[in-house]
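A.B. asks: Line order of the protein sequences matches chains X and Z. First residue of the first sequence: 1, per the numbering used here; consecutive thereafter. First residue of the second sequence: 1, per the numbering used here; consecutive thereafter.
Hints in this document: simulated from the structure, not taken from any laboratory. There may be inaccurate statements among the hints.
[Stated by the list, open to error] With the Cβ distance kept under 8 angstroms, some of the chain Z side facing chain X (calculated, not the full set):
#, residue
1, Phe36
2, Asn73
3, Asn96
4, Asp98
5, Arg101
6, Phe108
7, Asn112
8, Pro115
[Said to hold, decoys possible] Taking lysine-lysine pairs in the DSSO-like style, the calculated list, with each CA pair at most 27 angstroms apart, reads:
#, chain 1, residue 1, chain 2, residue 2
9, Z, Lys198, Z, Lys157
10, X, Lys158, Z, Lys157
11, Z, Lys95, X, Lys84
12, Z, Lys152, Z, Lys205
13, Z, Lys205, Z, Lys157
14, X, Lys158, Z, Lys95
15, Z, Lys38, X, Lys158
16, X, Lys158, X, Lys84
17, Z, Lys152, Z, Lys198
18, X, Lys185, X, Lys84
19, X, Lys200, X, Lys185
20, X, Lys185, X, Lys158
21, Z, Lys157, X, Lys185
[What the hints assert, rightly or not] Far from chain Z, some chain X residues (derived; all Cβ distances over 12 angstroms):
#, residue
22, Phe33
23, Ala38
24, Pro40
25, Pro45
26, Glu64
27, Val91
28, Tyr98
29, Gly159
30, Leu167
31, Ser203
32, Ile208
33, Gln221
34, Pro229
The beta carbon of each residue, even a glycine, is placed where N, CA and C say it ideally should be.
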Amino acid sequence: MTSLVLSAWPDSWSREQRCTATMVAAAVVLALFMWLLAAPLAAMPEPIGPAAQQFAEGTRVTVELTLVSGLLGVLFGVLAAVGKLARLAPVRWAASFYIWSIRGTPLLVQVLFVFLALPMIAPGLALSDFNSAALALAFNVGAYNAEAIRSGILAVPKGQTEASRSLGLSPFQTFREVVFPQSFKIALPPLVNNCVALLKDSSLAYVIGVAELSNVGNRVQAATFQPVPVFVATASLYLILTTVLTQISGAIEARLDVEQRQH
Amino acid sequence: MSHLQPQAVAAARAPLPPPAPAQEPLIRAEGVNKHFGKAHVLRDVTTRFFQSEVAVIIGASGSGKSTFLRTLNRLETHDSGRIVVDGIELNDTVKNLDAIRREVGMVFQQFNLFPHLTVLDNVTLAPRRVRGARREEADASAMELLTRVGLKDHAHKHPFALSGGQQQRVAIARSLAMSPRVLLFDEPTSALDPEMIKEVLDVMKDLASSGMTMIVVTHEMSFAREVGDRIVFFDHGRILQEAPPDQFFDGQENERIRAFLGQIAH
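Work out the full structure: start from the sequences and follow the hints.
C.D. replies: Below is the structure:
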């Protein structure tokens with residue numbers, strides 16, 4: 001499935017061209033999908049057609065939730081991974097505590113905590129339902145990303161750091177220019193897994209009233225009493241989104257695969 | 001070749017440095033000790049390295065020669081003693097460290113090229129990031145260096161597409177790009193197939209004749225004899241002998257070293 005789009009381009013194109021074309025195509029498909037979704041949905045029979053606007057809006061919210069928390073989650077993941085490998089013990093403890101507490105508690109509790117409990121603890125931090133959900137999801141996926149990125153960093157041979165440091169690059173330059181690009185490539189498959197899981201987990205924002213795709217599905221179902229077509233439609237929309245996501249990530253992976261081990 | 005031929009010290013245990021010449025040594029090691037856990041891997045190592053000198057360090061595996069080389073740019077720390085490079089003492093002050101590593105290049109047994117960068121970017125990374133060179137100038141001088149090691153046609157390939165000998169020559173060009181005052185070689189040909197050793201040694205000979213200061217850990221005795229100004233023999237973490245190559249290889253009186261050379265020859 002991953003290489004479906006990737007191998008559809010002309011044989012004469014280079015690997016880089018195919019990958020770039022795939023990423024552009026997938027991004028365009030995603031944008032068009034979100035822009036024009038209401039039209040095909042409106043053409044569908046009861047009970048989907050009349051609720052097309054709602055479904056389109058819910059899909060947009062789900063994608064936004066995934067993008068925002070996904071990007072923040074990579075940032076949290078990198079910070080926590082670096083923190084866990086830091087020389088200063090308190091930094092290591094903080095990173096370990098973060099990963100341990102997030103991975104050891106249900107996401108549902110985390111979403112409720114950020115929305116309901118956080119404003120009690122810090123009154124300035126009363127966030128909207130969307131922002132609460134995005135923050136909770138970002139913290140959650142960040143903890144899982146941290147482990148993926150940490151193992152990626154550890155998989156880069158020590159000789160790479162030694163070569164970079166003996167050329168005079170600082171520890172930070174060494175991380176940014178030499179270690180991180182290599183570890184990111186190693187960590188990419190598990191990161192994509194986390195991102196697909198995140199897209200699906202964003203449905204938990206439903207409990208604090210965010211009008212994302214699952215919430216919309218349930219509302220339409222409650223109004224029409226037709227759960228079968230409504231949830232088939234809802235699930236199909238998720239499937240389309242996860243498929244687009246894996247196509248993009250497959251292209252990124254192939255782009256980074258300079259050794260062409262997959263061919 | 002060196003105009004400063006440090007005098008031979010052929011005594012069996014001779015950690016005495018060669019008599020001070022008119023010139024300051026580029027690198028000074030005094031009473032350097034190092035432990036790995038309980039293993040005492042460097043024992044009171046004292047020696048000096050001079051500008052434009054080619055010093056070849058030999059010894060059995062586990063004798064501490066690679067460890068000593070790695071202390072010279074602080075890839076390994078030493079427990080006691082002093083190491084002074086170009087007037088700067090190697091200690092825990094990080095500022096010193098980055099300054100020294102810019103002046104001391106290193107070539108590794110496993111090449112350690114950056115696999116995610118092209119050959120050209122491998123060579124230009126340090127000049128651009130550390131010296132702040134613009135891309136065009138960095139590329140131009142990198143192409144000169146790649147031409148010098150015979151690889152200008154491979155500039156836009158990634159390291160995986162090159163043979164071991166070619167990769168090691170790129171690694172040498174990468175080190176030279178920082179215009180170091182001294183180049184350290186840690187068994188540069190030990191990971192190579194026999195037919196590729198010569199191309200790397202030829203580049204190293206060319207460097208030596210251009211006056212580059214080199215400290216080379218190697219098992220290539222013909223290189224040591226032909227190019228070396230001084231042989232430093234390590235045994236159980238000590239410098240057992242320092243001597244010019246002809247004296248070391250032809251007039252060797254030490255039983256232990258004769259036995260080592262006999263084994264190498266077969």
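A.B. asks: It remains to establish, for every hint, whether it holds in the given structure.
C.D. replies: The hints, checked one at a time:
no. : hint                : result
1   : Phe36               : violated, 15 angstroms
2   : Asn73               : holds, 5 angstroms
3   : Asn96               : violated, 12 angstroms
4   : Asp98               : holds, 6 angstroms
5   : Arg101              : holds, 5 angstroms
6   : Phe108              : holds, 6 angstroms
7   : Asn112              : holds, 4 angstroms
8   : Pro115              : holds, 7 angstroms
9   : Z:Lys198 x Z:Lys157 : holds, 22 angstroms
10  : X:Lys158 x Z:Lys157 : holds, 23 angstroms
11  : Z:Lys95 x X:Lys84   : holds, 25 angstroms
12  : Z:Lys152 x Z:Lys205 : holds, 19 angstroms
13  : Z:Lys205 x Z:Lys157 : holds, 26 angstroms
14  : X:Lys158 x Z:Lys95  : holds, 22 angstroms
15  : Z:Lys38 x X:Lys158  : holds, 23 angstroms
16  : X:Lys158 x X:Lys84  : holds, 17 angstroms
17  : Z:Lys152 x Z:Lys198 : holds, 19 angstroms
18  : X:Lys185 x X:Lys84  : holds, 19 angstroms
19  : X:Lys200 x X:Lys185 : holds, 24 angstroms
20  : X:Lys185 x X:Lys158 : holds, 17 angstroms
21  : Z:Lys157 x X:Lys185 : holds, 19 angstroms
22  : Phe33               : holds, 33 angstroms
23  : Ala38               : holds, 43 angstroms
24  : Pro40               : holds, 42 angstroms
25  : Pro45               : holds, 52 angstroms
26  : Glu64               : holds, 32 angstroms
27  : Val91               : holds, 18 angstroms
28  : Tyr98               : holds, 28 angstroms
29  : Gly159              : violated, 4 angstroms
30  : Leu167              : violated, 4 angstroms
31  : Ser203              : holds, 37 angstroms
32  : Ile208              : holds, 42 angstroms
33  : Gln221              : holds, 49 angstroms
34  : Pro229              : holds, 49 angstroms
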